[in-house]
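*Asks:* Spelled out from the first residue to the last, the chains are:
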Amino acid sequence: MNRRIVVSSLAAISSLVSLSIITAVPWALYYGEDTWQVLAAISLGASIIGIAIYAVFRERGMAYGSKEALIIVSGGWLLASLIGTLPYMATGVLPNFIDALFESVSGFSTTGASVIPDPESLPKSVLFWRSTTHWLGGMGIVVLSVAVMPFLGVGGMGMLKAEVPSPVIDRLRPRVTGTARTLWKVYIILTVTEIFLLGLGGMNLFDSVCHTFGTVATGGFSTRTASIAHYNSRYIDVVVTVFMLAAGINFTLHFEALSGNPKCYFQSTEFRTYLMLFAGSSLFITFQLWGEHCHELGDALCQSVFQVASIMTTTGYVTANWELWPYSTQWLLLCLMFVGGCAGSTGGGMKCLRIIVVAKHVFRELFLLVHPRAVMPLKVDSHAVASPIVNSIMAFISLFVGVWAVSTLLLIALEADMITAVGAVSATLSNVGPGLAQVGAVDNYAWFNGPSKLLLTFDMLVGRLELFTVMVLFTREFWRE
Amino acid sequence: MSVVVVGAGEMGYHLARRLSLENKDVTLIDRDEERVYWIQENLDVRAIHGKGASPDVLLKAGIASASMLIAVTDSDEVNLVACYVGKLLNGVMKKVARLREEDYSAIPQILDDKHLGIDLVISPEREAVAKLIQILEVPGATDVLDFAEQRIKLFGICLQADSPLAGRSLLNIRAAYPDNKFLIPVLLRESDVLIPRGEDVLRPNDTIYIMASAADIPTLLDICGLRSRSLKRFIIYGTTRVAVKFVNELEKRGVTNIRVIGADSHACEKIAAEVRHALVLRSDTLDEGFLRSEGIADTDAFFAMTDDDEQNALSAILAKRMGSYRVGAVTNKIEYHRLASAIGVDIAVNPRLAGVAHIIQFIRKGRVLSVSMLPGDAVEILECEAMETSDIVGHPMRTLRFPRGSIVGAVERGKELIIPDGSTVIMPGDRVIIFSRRELVPRIEKFLTVKLEYFG
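If you're matching them up, the sequences are chains H and P in order.
Heads up, the first sequence is in my numbering, so the first residue is 1 and it goes up one at a time.
Heads up, the second sequence is in my numbering, so the first residue is 1 and it goes up one at a time.
Simulated from the structure, these hints should not be mistaken for lab results.
None of these values were measured; they are calculated from a predicted model.
One or more of the hints may lead you astray.
Distance condition first, Cα-Cα at most 27 Å in a straight line; then the derived DSS-like pairs of lysine-lysine [what the hints assert, rightly or not]:
#1 Lys114(P) x Lys60(P)
#2 Lys320(P) x Lys245(P)
#3 Lys60(P) x Lys263(H)
#4 Lys333(P) x Lys320(P)
#5 Lys51(P) x Lys333(P)
#6 Lys379(H) x Lys333(P)
#7 Lys333(P) x Lys67(H)
#8 Lys185(H) x Lys24(P)
#9 Lys51(P) x Lys379(H)
What follows is a list of derived Cβ distance ranges for each label pair [unchecked claim]:
#10 Asn391(H) x Gly9(P): 26 to 32 Å
#11 Glu477(H) x Ser230(P): 30 to 36 Å
#12 Asn2(H) x Glu294(P): 46 to 52 Å
#13 Gln150(P) x Arg58(H): 38 to 44 Å
#14 His383(H) x Leu21(P): 29 to 35 Å
#15 Asp32(P) x Gly402(H): 35 to 41 Å
#16 Glu269(P) x Gly65(H): 27 to 33 Å
#17 Phe151(H) x Arg168(P): 37 to 43 Å
Just so it is clear, CB atoms sit at the ideal spot from N, CA and C, and this is done for glycine as well.
Using the sequences plus the hints, can you model the full thing?
*Replies:* Pasting the structure below:
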């Protein structure tokens, strides 16, 4: 492994993350908070240290191997999370390191699970940083680094593969830097549009920026204790729903549509599946709610559509307390957490594409029992999926279930009851945020003890990096020279 | 600027790598899915699986907005059709095609705008032979580059332990030969390319590059301790296209004592029909007895030119052991090219690399007259005309803030070659040859106020 490359790239990524803390300073000044000096000091201090380390270790003609790429991505996320704790700890909002780390990882991994019971009591600048971690983590800090620092692009494809939540990456542009920039452009277009639309709905600028960051990154941090329910506005519910759904779609499709081919959405099997799952689940929940829980069909429809979109895209915004809903709907929501968004979106979970491939694989195995000699390539969008990709998807699902089962076991052993543990692990591993029972829609994660928080922090991080990137670091083969 | 390259063989791969290092948008097309996957992982280029001459695939590769199409597959037909289809899809784009067969030269109009519209035809074999002839013109050199219409040459020689230059610093050498105009701007030490400073000491086994007027070369060879021996007796091993072309070129230059050794009887018969004086010998193996009986000990130069890199390298070493004065080998894999001098092969030529170099030169334009690369492509050599507006004009060299790692190698004013020192002042209209590490080239551009622009 080439240590100089690893160190200099990590330093470059860290200084970019540190520098982004400075965006919280204008809000501090605007709202007259005295946090601005601390935030500016951390931001500049950390980024200068980062740049200095980069300057010492950088090398001409850096060549990356796959090992370097994996460690840069995992290490970059860990460092970003550590830097992310600084604003919480230095301003005294979360003086405990484990709490700050939980909140920071929750932000970057776009989970939205919080240890802060009442966000309104926090300085606005710190709330802004909390939402900014979502926004940076949504499209990915490594993708951002590659986009703004082209020298990382030489070996960038390996890093993109390790970070972008998708089994296959489409090269939108011939060069990695171009691809990363294109992804961020689409992301920024979505962001600006939503800020504008939320502003039209009467939300103030600060709240609409923060909620937009939470939506397009499928994060879920809100500036309000009651989340989106606070606004009690059907217009805002609709805007947030639409943008949550958009953020859960493969960004390649958005790019194609923006380049003048809006038909591409319906040509994609994954998009059609995503939409059908969303519509079917919403309808099911609507009819479960209608009558007993909601007297009006419109209310039932609105609540179920918002909640299905929020859970399925792994955002985690809340307009209704689903803990009071029938168990069938809670179970369905739990299942949707696992499905997640589309591949190549900002959503978490297993991703629709993988579910489709697994379903087709199962069907193929059944078919082969009847026709043992049949030659059946596994096709998605009328293209055969290469068998190494199918194998890697099967391994991913197995690993996901394995990590999920072991984490749940540990959490129950540590302190939680079974339903809470299942909800908490599912919600963190899939980067949703709110789970079931004691971590449900209106609860938070503050009451867990230190080891439990660390376990859930780990789940959020491996969930965001899609397991392989982090888990490979635990193999002996990786460290063998 | 975006470039579409058809064919991801050695040539396509290295072209794509070079261009992507210079931040160009490159899309590669190849038939081999695994190769495409591998390239996607290893280079910062987009690779597409498909047939290079297919309109669908070319469109997917973004041909409509590309500024250049480079077709370098192993098949002439695919390359020609790819250029033709490319021309129909994008009329303004430049087109480069690799052609092996010379037959097309009988109807040159096939390449003009009315028909295929190919701007540059490249034949790696022809490039390789041209390079070999260029090297052989400087006896003892391992590499030769021409500048200023061949009036200035840059040649590489490998320093032997007994060479009078070994163990001396550049300042020392300069002081010892005050009357001779030459410069050592670059040297290869193990796998590094160095731009030496005055106090640096030359070591045995360094390959030093010397820049001088073509007319001064014989005296310089004496200084280096190389006896210049004219090459008269050749043994060529192999019956490839390169071998045939090389024999033809040698015969054109009046060499009559050539032996060609081949294993395949058909190929031997074919080559025997094409050459004038050369003696063609058929032998399955290249054993010591056979070589000795063909007079390897008195041979001036042995060239191994089969398709097999390993065989070429080993037979060249064997020939050197048995007394051949110079030995050379054709390499096909670019990785092997750099190894050649380390294992004792005097001259190594890689047809594909020679082809790539020519294409890169073609791509550059502006007031830069030529761009050359040294092995390992860490250093580029730019030849350009100093313009009145340029920062380098009118000040003594020592006051110029030239980036470390780059150096003005030579200045040609009228017919006079000037090897610059700190007091030299460059005048408008001078022809300047600059050596620079590749990553510094953008800063050199600023100095020259010459943009190393590309077409489109």
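*Asks:* Sort out whether Lys67(H) lies within 27 Å of Lys333(P), counting only the CA atoms.
*Replies:* OK: Lys333(P) and Lys67(H) at ~26 Å, within 27 Å.
*Asks:* Between Asn391(H) and Gly9(P), does the C-beta distance stay in 26 to 32 Å?
*Replies:* Hint holds: Cβ distance 29 Å, inside 26 to 32 Å.
*Asks:* Does 29 to 35 Å hold as the CB distance between His383(H) and Leu21(P), or does it fail?
*Replies:* Given a distance of about 32 Å, which is inside 29 to 35 Å, the answer is holds.
*Asks:* Verify the proposed pairing of Lys185(H) with Lys24(P), using a straight-line Cα cut of 27 Å.
*Replies:* holds (20 Å)
*Asks:* Lys333(P) and Lys320(P) were given as a pair; does the straight-line alpha-carbon distance stay at or below 27 Å?
*Replies:* holds (22 Å)
*Asks:* Within 27 Å, alpha carbon to alpha carbon, are Lys51(P) and Lys379(H)?
*Replies:* With Cα atoms ~21 Å apart, Lys51(P) and Lys379(H) stay inside 27 Å; holds.
*Asks:* Check whether the Cα positions of Lys114(P) and Lys60(P) lie no farther apart than 27 Å.
*Replies:* Given that 27 Å is the threshold and the Cα spacing comes to 26 Å, the pair holds.
*Asks:* Decide if the proposed pair is consistent with the structure: Lys60(P) and Lys263(H), CA atoms, cutoff 27 Å inclusive.
*Replies:* holds (18 Å)
*Asks:* Given the range 38 to 44 Å, decide if the beta-carbon distance of Gln150(P) to Arg58(H) lies inside it.
*Replies:* holds (41 Å)
*Asks:* For a C-alpha distance cap of 27 Å, please report whether Lys379(H) and Lys333(P) respect it.
*Replies:* Answer violated: Lys379(H) to Lys333(P) is near 37 Å, above 27 Å.
*Asks:* Hinted pair, alpha-carbon criterion (27 Å max): Lys51(P), Lys333(P). Please report holds or violated.
*Replies:* holds (24 Å)
*Asks:* Confirm or reject the claim that Glu269(P) and Gly65(H) have a C-beta distance inside 27 to 33 Å.
*Replies:* violated (49 Å)
Checked against the numbered hints given earlier, the structure breaks hints 6, 11, 16 and satisfies all the rest.
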